[in-house]
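*Asks:* Chain by chain, the residues run as shown.
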Amino acid sequence: MKIHIKSGRLIDPKHGVDTQRDVFIAAGKVVAIGDAPAGFSANRVIDATGKVVCPGLVDLAVRLREPGFEYLATLETEMKAAIAGGVTSLACPPDTDPPLDEPGLVEMLKFSAKNLNQAHLYPVGALTTGLKGKNLTEMAELRDAGCVAFSQADAPFADSQVLLHALQYAATFGFPVWLRAQDPALSRHGVAHEGEVATRLGLPAIPVIAETVALSTILLVARQTGARIHIARLSSAEGVAMVREAKSRGIAVTCDIGIHHAHLSEMDIGYFDPNCNLTPPLRSQRDRDALRAGLSDGTIDALCSDHTPVDEDAKQLPFSEAESGATGVELLLPLALKWATESKLPLAAAIAHITAKPAAILGIDAGHLGVGATADACIFDPAADWRVEPSALHSLGKNTPFSGYELRGRVSHTLVSGNLVFERK
Amino acid sequence: MPREGWGSNLHTETRMWLDPANPQLNKNGELHHLLSLEGLPAGVLRQILDTAESFVGVTQREVKKVPLLRGKAVFNLFFEASTRTRTTFEIAAKRLSADVINLAINVSSQSKGETVLDTVANLAAMQADMFIVRHAASGAPYLIAKHVAPDIHVINAGDGRHSHPTQGLLDMYTIRHYKGDFTKLRVAIVGDILHSRVARSQIHALTTLGCPEIRVIGPKTLLPADVGRLGVQVYGDMREGLKDVDVVMMLRLQNERMNGALLPSAQEFYKYYGLTEDKLALAKADAIVLHPGPMNRGVEIDSSVADGKQSVILPQVTFGIAVRMAVMSILAGN
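Here the protein sequences come in this chain order: A and B. Each residue of the first sequence is one higher than the one before, starting from 74 at the first, in my numbering. Each residue of the second sequence is one higher than the one before, starting from 181 at the first, in my numbering.
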């Protein structure tokens, strides 16, 4: 299959490209940029006039709900959702049932994903067996089975000694460890940011110190062990300041935030909207502003969708009883663009946070469109306004606080390894 | 995804006839549900208090009934145990000639898998006109109000830590009865503010009605974050906080909070935050004492104060019935 993407605006942040260029694809690779190689005859010409051509998006957190939660979503539906959102590489957290703590499970998941022939799947392995926080998993075996990193998802460690040993062991092999900074005791029973809104609504609260206390432990243990640490879903201004400081001291740490936290705050809970029951909680407007500034100055490396399909039965409950999480993989691109536009930054800044930067965190060769690169690409109309209708989303999860929002920027084509896997009709 | 078994009794689209900024009011600014006192205009609060005044007479007549809710079905929907509040709602509804159905939905039937909305859908199918809802989770009445048919009214009878609007209203009625003008009052609320839906309701009602000085008194473990943003002053020292106040509103301390990481003991709490005669002496000489009941004598309040001259705790209960009659009759009329 030879594809010629014609007359589009190529934005490839890794190579500093933002200009009109044609892209030529053959045998799953980018074979030329600009002028056609000699003798190139396309099977398919995609007219990208007025559109942006960028590397396929790389999403660091997409819950596929397999194995174990197939009633909520399946690999097939969520992979469809991903490519409809322009996402061509995605990492899935290990909080499945059973958790991704055995090589066999990981191999099976990789195998199923490969058969679907859609986005590339990068499983994140469980750091401890059953995510119980006590015994280490066979990390090296899991890596051989295809895990790119190891994580506890939202589960706590039994104690800090397990954390220390997990990081020491991971550091031995150079495996990256992805951790959420949330002290389990300080966030116990909490469902909303400890602040004015939780006080008014009488919601059990999660204070910022639940994040900063855990973060300080993680950063100190990381420095001690030399482990490569990635902080997943930072939520507070103080947390951003701590990561900034840690980076300035040379600690090997990267971090991401979820798209919801780049745009929403505790105020969006309104009258107990269960779609705003998220982990970590939506914090104050000051925190949100600090997260946005952290994205701009590079403290925060990546934006992810933290895609969590939840069915209606688990959301149509009183706020504190509703399952947390939001569907988001189809909103990653327009919400990243919205952040850049509102921050008066070029589109390339937004695209970097959802392509090259998360690819670097994953340690994969993706997120760029240089000659010779795997032809994973996303073509979108940067001027297309559309309204988020949950029922029209491909994901089985319809739970989003952005329901009814007008967003700008919509994916029209998605290519994975040179195959056109999605085309919006 | 469509849910099975809901039939047409539940509505999921936005309530077009309600004010999106305050889903308990209809587009004319009239009360459609009573979910919280926050955001209710002073006019609505006064209307309820004035209406309650006319019902106080009814409760003292020999025939204690008026026909305002005749033929209406009022469902007491208690997802959390309560005797007192449920009984006063039942009396109020019966005095308005409504048919009252009491449902205690205990935890076991909830754990069988029926959700709040399933329960409500089933009851709505039984031609309910009004739901009186108590639930352990903050916001549960909002969820129900969002999904019932437009002719059904929901009254919050206490949700989690969030709100207990009829309690707040009966407290306002009591204060107005004894003190008149809110704009000249200094009010103290004492005890476990953090877990109290009563305190939140009182604070919203007092600020709306123009009370210039509201003090909350308690140890920091029992105060919510940023409580000052609700328009109150915070005191850790009860003796300082009670100085020259006109109204002392005590809160109930739940048994499970008495010994643990929030408070060392009931004895120490009583010593520092219990209302005793000597502490009450710091308030104005004509200060009144309220308590939402049931009281823990010797924990948050001394018996000599609870039964003393300044206590208006029993009149609160009487006024509570009139206030609940007022709320139900106003909702039925809107």
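Calculated directly from the structure, the hints in this document are not laboratory data. Backbone N, C-alpha and C define an ideal beta-carbon position, used for all residues, glycine too. Treat each hint with caution, since some may be false.
[As the list claims (entries may be wrong)] Beta-carbon label-pair distances, calculated as ranges: (1) A/Glu479 - B/Ser262: 52 to 60 Å; (2) A/Glu415 - B/Asp199: 25 to 33 Å; (3) A/Glu415 - B/Lys274: 50 to 58 Å.
[Said to hold, decoys possible] Quick partial rundown of chain B residues pointing at chain A, CB under 8 Å, derived from the structure: (4) Ala317; (5) His342; (6) Ser343; (7) Leu389; (8) Pro404.
*Asks:* With reference to the structure, classify each hint as holding or not holding.
*Replies:* Comparing the hints with the structure gives:
1. A/Glu479 - B/Ser262: 52 to 60 Å: 45 Å, violated
2. A/Glu415 - B/Asp199: 25 to 33 Å: 29 Å, holds
3. A/Glu415 - B/Lys274: 50 to 58 Å: Check passed, 57 Å falls within 50 to 58 Å.
4. Ala317: At 3 Å from the nearest chain A Cβ, B/Ala317 passes the 8 Å test, so the hint holds.
5. His342: With Cβ-Cβ at 3 Å, under 8 Å, it holds.
6. Ser343: The hint holds - B/Ser343 has a Cβ within 8 Å of chain A, the shortest such distance being about 7 Å.
7. Leu389: Not OK, violated: B/Leu389 not within 8 Å of chain A, min 18 Å.
8. Pro404: At 4 Å from the nearest chain A Cβ, B/Pro404 passes the 8 Å test, so the hint holds.
Hint check: violations occur at hints 1 and 7; the rest are consistent with the structure.
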